[in-house]
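Visitor: Using the sequences and the hints, build the whole thing.
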Amino acid sequence: MTEPHVRMLIVFYSRTGTIEALARVAAEAAREAGAEVRLRRAREVASVEDMAKVEGWLDEAHRQNALYPAPTDEDAEWADAILFGTPSYFGAPATELKNYLDRLGPQWKRGALSGKVGGAFAAASWPHGGSEVVTLALYAPMAHLGMVILPTGYTDDAMLEAGSPYGASAIVGAGKGQPRPEVLDAARHQGRHTVAITRALVRANEMPSRNRTSD
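In this text, residue positions in the sequence shown follow UniProt numbering: the first is 1, and each later residue adds one.
All clues stand as given, with none of them false.
The calculated lysine to any residue pairs, modelled on SDA-like cross-linking and capped at a C-alpha distance of 20 angstroms, are: (1) Lys-109 / Pro-141; (2) Lys-98 / Met-51; (3) Lys-98 / Ala-140; (4) Lys-53 / Phe-90; (5) Lys-98 / Leu-136; (6) Lys-98 / Asp-75; (7) Lys-98 / Ala-137; (8) Lys-109 / Glu-74; (9) Lys-98 / Gly-17; (10) Lys-98 / Arg-40; (11) Lys-98 / Val-148; (12) Lys-53 / Arg-43; (13) Lys-98 / Thr-16; (14) Lys-109 / Thr-72; (15) Lys-98 / Asn-65; (16) Lys-53 / Gln-64; (17) Lys-53 / Tyr-89; (18) Lys-98 / His-144; (19) Lys-98 / Gln-64; (20) Lys-98 / Asp-50; (21) Lys-98 / Ala-61; (22) Lys-98 / Val-45; (23) Lys-109 / Tyr-139; (24) Lys-98 / Ala-46.
If you're looking for bench data, these hints aren't it; they were derived computationally from the structure.
Guide: Structure, rendered in structure tokens:
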């Protein structure tokens with residue numbers, strides 16, 4: 001039996017490159033699992049003047065925006081599964097990512113994203129910086145959009161070493177360095193796991209309906 005084709009969208013916002021790293025390895029793992037993947041970076045909403053006050057922000061924005069297209073509503077409708085990635089800012093998702101979600105009103109109204117698989121991953125500077133909180137916060141708009149919310153659970157040893165039962169999670173410290181190898185393993189598992197569950201749902205939706213007789 002031919003495996004169903006799975007299309008995955010990964011939408012992220014990354015200011016220093018941490019979430020970008022998780023998004024990239026999740027995308028690689030999803031492609032290795034047979035999915036077609038679109039990797040998209042949400043765009044800044046802050047002014048250039050405000051961005052210039054934070055060391056490295058403008059340079060990273062220019063670098064990443066040259067690598068990744070901005071997400072569109074067409075991307076969301078195209079996908080069978082969507083992973084959202086965000087840093088934790090004061091215990092809340094990045095405004096840039098939320099801005100993308102807020103512009104999916106027409107899709108919400110038409111139910112265009114209903115039944116699509118959704119998941120999230122996050123990063124924070126400190127162990128109690130809110131990475132689990134922001135992951136759970138992203139579940140709310142997914143529910144409003146009618147998505148099938150998919151936590152990772154402890155479905156792989158990688159989730160015991162890093163991440164959370166809700167999704168991959170990085171703690172990067174004050175230096176904002178690259179995620180630990182264990183965290184990247186968790187993101188890889190999330191990419192593979194999302195493809196596997198999405199494929200099962202796509203397969204079920206593609207099955208011809210069967211006539212049932214009642215007793």
